[in-house]
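Asker: In case you want the letters, here they are:
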Amino acid sequence: MNNSWLALLPLILLAGTALLLLVLEAFLKSEEKAYLGYIAAAALAGCGYTFVRFWNKQLSFFKGSLKFDNLSLLFGFLFLLAGLFVVLISLKYVSLVLTNIGEFYPLLLFGLAGLVIMATSANLLVIFLGLEVLSVSSYALAGLRLKEARSSEAALKYFLLGSFAGAFFVFGLALLFGASGSVEIPALAQSLAPGSPTARLGLAGLALVLAGLAFKIALVPFHMWTPDVYEGAPTPVAAFFSVGPKAAGFAVLLRLLSPYWKTGFRSGTMFWILYALAALTMVVANLAALRQTNVKRLLAYSSIAQAGYILVAVLAGDPEKLIFYLAVYVFMNLGAFAAISALGRRDTEFVELDDYAGLGFKYPWLGATLSIFLLSLAGFPPTAGFLAKFYVFSSAVRQGLTPLVIIGVLASLVSVYYYLKIIVFMYMRPPSREVEAGLQSPELFLVLFLCLYGVLQMGINPGNILALIRQAVATLP
Amino acid sequence: MPSLSLLVFLPLAGAVLLIFIPRDKEDLLRSLALAVAGLALVLALWLFLAFDEGQAGMQFVEHSRGWLGRGIDYHLGLDGISLLLVLLTAFLLPIALLSSWTSIRERVKEYLIFMLLLETGILGVFVSLNLFLFYVFWEAMLIPMYFLIGVWGGGRRVYATVKFVLFTMFGSLLMLVAIFVLYRQTGSLNLLDYYTLASSGNWLDPRLQVWLFLAFALAFAIKVPMFPFHTWLPDAHVEAPTAGSVILAAVLLKMGAYGFLRFALPLFPEAVPKFLPYLAALSVIGIIYGGAMALIQKDIKSLVAYSSVSHMGLVMLAIFALNPEGTVGALYQMINHGLSTGALFLMVGILHERSHTRLIKDYGGVSRQMPVFAAFFLICVLSSAGLPGLNGFVGEVLCLYGVFRASPLLAVLAVTTVILAAAYLLWMYRRVMHGPIVNPNIRLFKDLNLREIGLLLPIIILIFWMGVYPQTFLRKFDASVTQYIHQVTRRPPLLVRSGPPRPRPADKAANVQADFRPGGGGHE
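Top line first, the protein sequences correspond to chains A and B.
Under this note's numbering, the first residue of the first sequence is numbered 1, with each subsequent residue one higher.
Under this note's numbering, the first residue of the second sequence is numbered 478, with each subsequent residue one higher.
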């Protein structure tokens, strides 16, 4: 481990730029505020560059509380990519729909800093710190559409439920500390070993920590907030929620559970709790999504269901396939959200299914790319969504989880119906309302095409990315 | 030369090319798509001629290992079982494109793109030798079909297309789980490896085979479709645009039968005998049920659709006879059905273009206005009903003979297909073409134009050719079928009463038996 101040650089860059933007905003004229977005994008790019330079260097700081091993870097890179995409699709949205441009980018950057902290630490206390940084900025981001009552509702709901989840996490952390005398993940593993006197206490603590994470990841039954928050929050913010916190949650889960994979994970209580969570999540979320008529709510349930598939990879103990699925998910889900965030005009978003009637022919590129992302989410080849599901389910079958996989594929059959429903509206229904894609911008199309490239590249020739992921998971114990 | 890859991805390349052509240049778009499909046909014809009929194994093999992981290879090949299906696909695509030259007026660009994508998907299914690759094409093919029915289809198109996709996916997702299990057990997804393993005796646990067979059989039975999984078919066929119906009936249904021949039957030799009686029974029910339903249809298109259920029932029954005659007959009948039913759908489309109705009662006396059309229509109807001298007869006789050798009782029941087909087809023909002209619109009908004659004539010629001189085609699959029969009847199946099947001594195929190693004849 190289202990170095340098390790703080990415976090300083993110948080420092956020503060800078907050100050700058006061001095800029309103028409110049659009530049704030470009500055945020530049900061993200710079941060990404430091991550590239950190690769294979194993930098750490604060006595290993922050550890930039390859795994953290890969997750960090995913967050930054997601953040960059969100910034790019927000450029026009923020200036047209939101009244207060100044807060948006700083909050997003703080949120990203929280994500990076969560993925970078093996110390549960520090992880909690990251979780709170992320949460606080998320609550504010959800409520940014000041004139919309639903946006405020989303913020309040997220805040209340999120606080509970945070409390669970801390309480679990306290129990874990009591059981093992440490908050470091490797040390926890020993106290939880079967036969150790504090195993039960540790298990209770772990379950509570898990509940806190499941809230962020949005696993059933901790998902109640998701549809409401996605619906009320500005669309780019919902895009961020659907990707960032989920990926960070899985990063923590990966570190928390990987020590057990080799030692009796399959026989433990934890395994069956996760098994039930995965099955419930896949079934309930997909069934609930069937009845949605609001596209944002529909995608909210879809993102819950996707988390269920990813959890199958956790159960199979296959970090490589888990990260691959997450990477694919970032591209396809952000792509879908980017496309739907283009539909709207000043003060309005068009998010009802009826608004989508005939859109595919009115906006051919938006329609075609959105269709491909939806087909990828549904798991059709040759998109990456198929390959990701193929890898995860195949690896689960290899571990003997065939019943769970059968539940999974049947649940994904259900999902085909509602993903296709959006396509049905776009291409097979005559337009019924006056709808315009007033929020499209060149930057948004850049995001669409990058996501499209990612979804096809990872679907057809994922060799390089798999090799990268293999390097990253090699650092796991 | 990677000729198979070229054939499979040529239409895809054409589709990509079309994206960059402005949508208002419709004639250019149509001509380009037609040219691409024509080029694919030329390539397929070349493959047909270059195909060495003396060899039982895979030919034109392309194999690059470990594309997406251990055992997930890029692996293509062609044998006697897939050869004619590939040719049929490549043959019908240009015809389907021509048939929609004037009937598709809206969103021409997207339509052509989806047609070409569909061709890539179908061809890929027939030449894939790796289960992953096969599954990718099998599923990817759904997307263009989904759009073709859903955007350019009839009144209930959305219902029909979603039903089509959900039915197909239900089966194939369970098959995917079975593929995972195969992958777990063998560490490979290579079909030829499986063939070798399955014949080596060191293969899967028989109980596991039962489950895997069920999963594969369900996926393929839905696709064929076998009774009682057929309910998606009338909806999809009726609502699809003409070209979509043609491809659906002529090629897509064959993918199910092909799946049985290629995967479900050879891979699980110990499970197959347990299910043969049930599968045979379902096939017979399909034959009779499809025929009876066809009799009472008021809509010409759904009549043809139900006739497909009946005809595919016979094909499946002949496949389940597990003897050379039945299998050769089934393969031949698949091509016949593709040609005659494809042609029937084309002609229903031609009528629909003129009158905008598909109800039989709206017609009558059409032959007076359209004599050339009437002649073509009659030939296709008779071909579908199995008149001697036309292609359908050869196929049905082979199928029925194969079934008879396996079980005379089933053969007796299966013969009803001939009677029923004659009844519903000729009755429909009489009501549509003869009699007084009730509907005044019919007096305005124009006979076939040059384009329509041009697209029907090749099919008519083939119908005669295949009826009069079947050897051109039959000899292409003899060797592969002999080897296939050896694979699946390692243990005598329950259905076969007359002992293990003997290959017909007159056939050249008998000489090839020495090379029984599965896949051994290929260029690997």
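No lab work stands behind these hints: they were computed from the structure.
A quick note: this is a predicted structure, and the numbers were derived from the prediction, not measured.
Heads up, a few of these hints could be off.
To be verified - Just the calculated beta-carbon pair ranges, DEER-fashion:
id	chain 1	residue 1	chain 2	residue 2	range
1	A	ALA467	B	SER508	38 to 46 angstroms
2	B	LYS751	A	LEU287	31 to 39 angstroms
3	B	ARG845	A	GLU352	28 to 36 angstroms
4	B	ASP501	A	THR293	31 to 39 angstroms
5	B	LYS923	A	ILE460	24 to 32 angstroms
6	A	PRO186	B	ARG661	43 to 51 angstroms
Glycine residues also receive a C-beta, built at the ideal position from the N, C-alpha and C atoms.
Asker: Using the C-beta atoms of LYS923(B) and ILE460(A), is the stated range 24 to 32 angstroms upheld?
Answerer: violated (48 angstroms)
Asker: Range hint 28 to 36 angstroms: satisfied by the CB atoms of ARG845(B) and GLU352(A)?
Answerer: Given about 54 angstroms between the Cβ atoms, the range is violated.
Asker: Quick check on a hinted range of 38 to 46 angstroms for ALA467(A) and SER508(B), using CB atoms only.
Answerer: Since the Cβ atoms of ALA467(A) and SER508(B) sit about 44 angstroms apart, the hinted range of 38 to 46 angstroms holds.
Asker: Using the beta carbons of LYS751(B) and LEU287(A), state whether their distance is inside 31 to 39 angstroms or not.
Answerer: holds (35 angstroms)
Asker: Determine whether the Cβ-Cβ distance between ASP501(B) and THR293(A) falls within the hinted range of 31 to 39 angstroms.
Answerer: For ASP501(B) and THR293(A) the Cβ distance comes to about 35 angstroms; the hint holds.
Asker: Between PRO186(A) and ARG661(B), does the C-beta distance stay in 43 to 51 angstroms?
Answerer: violated (31 angstroms)
Comparing the model with each earlier hint shows violations of hints 3, 5, 6; every other hint is respected.
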